[in-house]
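Here are the chains, one letter per residue:
Protein chains: 2
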Amino acid sequence: MHAREALKNRTISPSVNDASPRSDRRPLYVQVRTDVLARIEAGMWKPGALLPSEFALAGELGVSQGTVRRGLDSLVQDGLLVRRQGRGTFVADHTPADVLFRFFRIHDAAGHRVAPTSTATRVRRRTASRAEADALNLAINDRIIRITRIRLADGRPFISETVVIPASRFPGLGDDGVVPNTIYDLFQHQYGVTVSHAEEQLEPVAATARVAGQLRIKPGAPLMKIVRITYDLSGRPIEWRISLCHLKGLHYVASVR
Amino acid sequence: MHAREALKNRTISPSVNDASPRSDRRPLYVQVRTDVLARIEAGMWKPGALLPSEFALAGELGVSQGTVRRGLDSLVQDGLLVRRQGRGTFVADHTPADVLFRFFRIHDAAGHRVAPTSTATRVRRRTASRAEADALNLAINDRIIRITRIRLADGRPFISETVVIPASRFPGLGDDGVVPNTIYDLFQHQYGVTVSHAEEQLEPVAATARVAGQLRIKPGAPLMKIVRITYDLSGRPIEWRISLCHLKGLHYVASVR
DNA sequence: CAGTGGTCTAGACCACCGT
DNA sequence: CGGTGGTCTAGACCACTGT
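Chains A and B, in that order, are what the protein sequence lines are.
Counted the way this note's numbering counts, the first sequence spans residues 1 to 257.
Counted the way this note's numbering counts, the second sequence spans residues 1 to 257.
Hints are computed from structural coordinates only; laboratory data are not their basis.
Don't take each hint at face value.
With a Cα cut of at most 25 Å, we get these calculated BS3-like pairs of lysine-lysine [unchecked claim]:
| hint | chain 1 | residue 1 | chain 2 | residue 2 |
| --- | --- | --- | --- | --- |
| 1 | B | 218 | A | 218 |
| 2 | A | 248 | B | 225 |
| 3 | B | 248 | B | 225 |
| 4 | B | 46 | A | 248 |
| 5 | A | 225 | A | 248 |
| 6 | B | 248 | B | 218 |
| 7 | B | 248 | A | 218 |
Looking from chain B toward chain A, a few residues come up when the C-beta cut is under 7 Å (computed) [said to hold, decoys possible]:
| hint | residue |
| --- | --- |
| 8 | 219 |
| 9 | 223 |
| 10 | 224 |
| 11 | 247 |
| 12 | 253 |
| 13 | 257 |
Note that the coordinates shown come from a computational prediction; the quantities given were computed from them, not determined experimentally.
A virtual CB, placed ideally from N, CA and C, is assigned to each residue, including glycine.
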């Protein structure tokens, strides 16, 4: 009954369930997902925040608790929400280590994850090259921020990395010359940009003289070149990253499902 | 009501819902999943087969249609079942091309998938080496089948590959000297072994003289070494595969979610 | 048209959490 | 203890399929 009345007298959140003949043809649980996701992206519920209970959301959106539950399910599936029985549903707040290990797929011979550190970080502002504009879906003269750094495992340099991000999404980033080791965490908490997923292209290459010098190896040694494009929750590209990795005794781990 | 009676008078499939105090503490929908999965693995429903309707299964298992649905959902999610609205639920029957492209993650510069062919295939029977026994969870003197072959893209040799499988799971495989290009399809339809997922370790290496000769490249050229362990539906390892790939103009594609 | 999956509801009961 | 998520049911209606 509550839902029936709410369905007629709806004033808030008309996006989900307002008039009797529904204009939006998508299933209600999809609309619930979209609505909740929009609020998270808009910053209404920040990482770590407690959402209203399923019944409260159901009342507010004019649908049944089961339908709310189904919508939230898909966001839990995507790792955006976390349920804690007896306590409530929370916006996922991944630790820097969580995010690092999700995207850093290099392990040692024993199968343990490698935690890299960063050094020799440089930040420059440029206009996008053709390749950068293509990768990030920008116009060719849009401003980008280009970060280069050397990454270390156990103090040994093993990755030469270039990160390119659109300046418009991250105003002021690196202006003080400081960039943290885990930049996705900065994206999240400083700019409200949540990293959703990434696509990587891997290819073995021979070390050029320049990179060999950076990594203190012989020119021509085999390196793993990893080209990554990272996407936000809306599916827009937010980062283009090229890593040249000297994987002596290490390997990249992929899982095929 | 039907479910109530079935719940009391249960004779078939006591595994899901038989006595009033349930012995199995797992949720009913998990038990439905397990039960249906077991029947598929036992060959009761073969790839392409039509399952009973959700209501029929619900009656048979003594649970409600919604619970059956939830159990089947998880199998659909895993790609083991396919739903077709208005027609029914079917055991997934992946074409050889489906399976090939799921596990063969190499694309060309334009982003198109590469379809490899095979040549120079050799099949040998051996006892497992230490490394092979470890990878496949075998005892050290268990019999294995070792397949070596060269794989071609557009007629050009680009992968030198070694596949190791436990002889006990695949009796008679390759006895006639013939091994198809897509062996997972053979596993499925000849031996009823469904490939579930795989874990891969990637590393750039320099081509040895031997492999360089096979692939007609210079010794020392950078190759991608891919070590794969493949698992069946029960999570048991069924294949250990080492591929040495000359990815000139090609790349391995990985997706991080 | 009958039969199937797909959506949605209302309500029950359980398991878990913090006070 | 009250409030939360987790499971399960029974039944309604819709959308799609093949005959």
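Checked hints:
Taken as a hint, the residue 218 of chain B and residue 218 of chain A pair is honoured in the structure, with Cα atoms around 18 Å apart against an allowance of 25 Å. Proximity of residue 248 of chain A to residue 225 of chain B is assessed by CA-CA distance (about 13 Å); at most 25 Å being required, the pair is judged to hold. With a C-alpha separation of about 14 Å, the suggested pairing of residue 248 of chain B with residue 225 of chain B holds against the 25 Å cut-off. Between the alpha carbons of residue 46 of chain B and residue 248 of chain A the distance comes to roughly 46 Å, so the proposed pair goes past 25 Å and is violated.
About 14 Å separates the Cα atoms of residue 225 of chain A and residue 248 of chain A, which keeps this hinted pair within 25 Å; it holds. Proposed proximity of residue 248 of chain B and residue 218 of chain B is supported: the alpha carbons are some 13 Å apart, at most 25 Å. With a CA separation close to 21 Å, the supplied pair residue 248 of chain B and residue 218 of chain A stays within the 25 Å bound. Interface hint at residue 219 of chain B: violated, since its Cβ lies 12 Å from the closest Cβ of chain A, which is beyond the 7 Å cut-off.
Given the 7 Å rule on beta carbons, the hint for residue 223 of chain B holds: about 6 Å separates it from the nearest Cβ of chain A. Interface hint status for residue 224 of chain B: upheld, as the beta-carbon distance to the closest one in chain A is roughly 5 Å, under 7 Å. Interface hint status for residue 247 of chain B: upheld, as the beta-carbon distance to the closest one in chain A is roughly 5 Å, under 7 Å. For residue 253 of chain B, the shortest C-beta to C-beta distance to chain A is roughly 6 Å, which falls under 7 Å, so the interface hint holds.
A least Cβ separation of about 5 Å between residue 257 of chain B and chain A falls short of the 7 Å threshold, and the interface hint therefore holds.
Consistency note: the structure conflicts with the earlier hints numbered 4 and 8.
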